[in-house]
Amino acid sequence: MRPAPAGAGLSRLLWRHPWLRGLATLSPPLAWFLVIYLASLVVMLLTAFWTVNPFTNLMQHSFSTANFSQLFTGTYLTIILRTVVIAAAVTVTDTIVALPFAYFMARVAKARTQRILFTAIMLPLWASYLARVYAWIVILQKGGVLSWSFQKLGLGAVNIGYTNTAMWIVFSYIWLPFMVVPVYSAIERIPSSLLEASGDLGARNWRTVRSVLLPLALPGIVAGSIFTFSLTLGDFITPLLVGGTNSQLIGNVIYSNIGTADNLPFAATLALVPIVIMTLYLTGARALGAFEAL
Amino acid sequence: MRYRFQPLTALFAILALSVTVAVSAGSSAAAGLSAPEANASVPKTVGKGEGKLNLIAWEGYAQPEWVKPFTASTGCQVNVKYAGTSSEMVSLMANGGGHQYDLVSASGDADLRLIYGGDVRPINIGLIPSWKQFRPFLQSPSFNTIGGKHYGVSYEFGPNVLLYSTKTFKAAPPSWSVIYSKQYAGKITIPDNPIQIADAALYLESAKPSLKITDPYELTQPQFNAAVALLKSEHPLIKKYWDLASQEISLFQSGTTVVGAAWPYQTNTLKANKVAVSDTIPKEGATGWADTWMLATNAPHPNCAYKWMQWVTTPKVQAEEADYFGETPANTQACGYMDKIAKGSCAAYHANAPQAYFKTIKFWKTPLAQCGNGKSDCVPFQDWVNAWTQITS
Amino acid sequence: MIEGRLTRVLLRVWVVLVLLFLFVPVALIVLYAFNKSNVQGWPPSGLSTKWIGVAWHDSQVRSALLLSLKAGLLATAVALLLGSAAAFGVHRFHFFGREAVSLLLVLPLALPGIITGIALNSAFEWVGINLSLLTIVIGHATFCIVVVYNNVIARLRRVSDSMYEAAADLGAHGLLTFRTITVPMLSTALLSGALLAFALSFDEVIVTTFTAGAQNTLPLWIFGAIRLGQQLPEVNVVVVFVLLLTVIPVAVAARLAGSGGVARALT
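Residue numbers (our numbering), protein chains in the order written: chain A, 71 to 364; chain B, 4 to 396; chain C, 11 to 277.
If you are wondering where the hints come from, they were derived from the structure by calculation, not from laboratory data. Some hints could be false.
As the list claims (entries may be wrong) - Derived lysine-lysine pairs resembling BS3-like cross-links, with alpha carbons at most 30 Å apart:
no. : chain 1 : residue 1 : chain 2 : residue 2
1   : A       : Lys212    : B       : Lys319
2   : B       : Lys277    : A       : Lys222
3   : B       : Lys362    : B       : Lys378
4   : C       : Lys46     : B       : Lys274
5   : B       : Lys319    : C       : Lys60
6   : B       : Lys319    : B       : Lys378
7   : A       : Lys212    : C       : Lys60
Only chain A is shown next, with the shape it has when bound in the complex (with noise of 0.2 Å):
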């Protein structure tokens, strides 16, 4: 009889005692998220439910919703709304911008490009977020980049800068190789046997996207979509640098309340939003089906 190979031994315990094996592997992971992570997070958010005496400054321990009747006020209100708007116009675009390019990437391109075109993708990444949003500064302002190449074209000046506008394009750019790479990962996955086999039965091309490669490619574009989406709920730097005045976003109040205003509860309480309005997309996600393999 042969040995049993290496491992066997350990392999037996963890298949006979399932939930050993997801011991083991969730609770490396828990033990650190909940004991540094959570226990200061919760700390820092149960503080929502304190308020701060103006007059004296201190920190009242005593339970109230003075904070929640604040926020639900038409300033604070307009602020969430936008930045849901704008978090949702950037996955939007950044979803449309990617699947071709995403497609082209796994299914066309040989194997040569495909490697191109995953280092170009990749590589802005590294040239620092805040010089690649300086550079958007000097292409989008007055006279500037875009301006200069519109009127080389005929096209008139344009000045967008400093405008909700302008905040969307560069959160759709900073944020496009973090929906391109699960997306491309999705769709390289897709056997090219499903895809024949669409077309063998009469689907024309628009109709296979829709029918089999769409849904197959889901999982990857929801995957992107939690990362443009949560990241730009909480971002203030892109606001600061290329919005307006009426681009203030949840992350610039936040950012305003706990130093300036040393009003640790009430950002803790705008800090609540960004995490309920997740809760409700990771629902809504997975009540579509999204995250289950059809």
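Given chain A, put chains B and C in place with the hints provided.
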């Protein structure tokens, strides 16, 4: 058979623990209106350097020009953490600097928060010989000296000036009213800082004397509301509320804005790049900022900290800093050195201006509910921040 | 699906446009590295190579770069281990609270960095850990784990269970299956996850502000430099230098990632 793994139970256990911790861990920020560290001991002499010094500073406040000679003569290796806003400095200094940082170069809008928060401790001003050469109004200003105790040493300062394009304005605008004027709609920029409400109040002090504003940082509710209303009406005229000095430089260089509130730093950088701008202090006066090097309550290297304070208040270093950053030294003897570095810079930064000039500048201080008149009906800073969010969003 | 000629042409045009979109700002960064003045106006007022010398002799830049590299490598290593483990756990085991764990793992991305930063800062202060490379790595690892997790689980959801059953039928035990089937299938997901995680860590500013001590990572140094704007060309020089450095590793990673095509051909 599927075993139902229950990580959620583990989660609840940790959550319960966290709640207990939260309840017992106590509050974060400030104490009441007494400075918690008021009676902390101050040294009588400066001992041997500890070999290291950790600073929280504005960008440009620890340049190799004066850091290298400092390290060479004291042996204190300087590590700097750059902060972008006073707010960030306050956050970083929480818990007395967290046993990490020794000094922080806080501006007036942060000083009182740090003092009343117990994050900084008094110093022995007698150990800083250059202090005697300071301008009188910066030796014991109300934003860093409480009850006779110095919570740090003044460093440099500057006014918030009116910056304008000389192409649009043939002569310096005489009044701050230009930045509230529809004539320049879409071409105005002001700082993105709640303390700007004080600038509006300063303007209203002259423009609406019926409001009886005397101190732009101590505003009663009606006075505050008037300033906020003015800023809200200004909102559609503003192109951008600038957060970084480099942003405003970009705005003026591209011609996107033609007038706005700025620091002399922006004026001088733009002029150096041949952009046609100039600045002025209009007739209503101006707000200003003054920085103080404050000592952290739990500073791990206090001797190096004192040595730093001694070093950066000397005339030569004061001049080097003033030239790099574009501000005015507290030390009156720095003028000569400034002109040696850059001819005419002493006058450009008003380092030799008479006392009367400085009287027109209302320096930043944290707005508190406690007005100077013994009453407590002034609007506290938290409300300034809320109002500012409404104004700028 | 056979793509017609027109479709192929259109796809190529699209790809070129996207590449332009991605690289025009990068090209500007390269251009402005040679900007004579420190104000970024268009067109640049003049060209000069003096900033290369300035950057080269700047010791602050060197130490910032080194710190960023160390933090990035450590955070990515941690993220690879824990992120893929988490992805496995969530994918393979159906347990009560599974969705909650899923959400929990997305939290670091959903939460504004400033909240994470402040929360971690208070936690470190309370526990008594000094702010240093360790705390920077912990801060980065929180979102790096998410990146790896997301990538791996998206791939796992596309891999059919029949593979594992077939391997078991052929006599392979758990760990062998893991080594010979699972890991190769995941290799591209792991690789791209690692690259993304490292890029995120290398470029992170907000959380790092609160988890770093009196030290600068490269993004912190850049953030300081752009505030006043005196050193904008120097910043661009440094960024170009980093780009040149990373072309090789990223291209190598792409070459390795190309082996995913082999897996594709087998199905």
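Tested hints:
{"no.": "1", "hint": "A:Lys212 <-> B:Lys319", "result": "violated, 41 Å"}
{"no.": "2", "hint": "B:Lys277 <-> A:Lys222", "result": "holds, 26 Å"}
{"no.": "3", "hint": "B:Lys362 <-> B:Lys378", "result": "holds, 25 Å"}
{"no.": "4", "hint": "C:Lys46 <-> B:Lys274", "result": "holds, 15 Å"}
{"no.": "5", "hint": "B:Lys319 <-> C:Lys60", "result": "holds, 27 Å"}
{"no.": "6", "hint": "B:Lys319 <-> B:Lys378", "result": "violated, 44 Å"}
{"no.": "7", "hint": "A:Lys212 <-> C:Lys60", "result": "holds, 28 Å"}
Checked against the numbered hints listed earlier, the structure breaks hints 1, 6; every other hint is satisfied.
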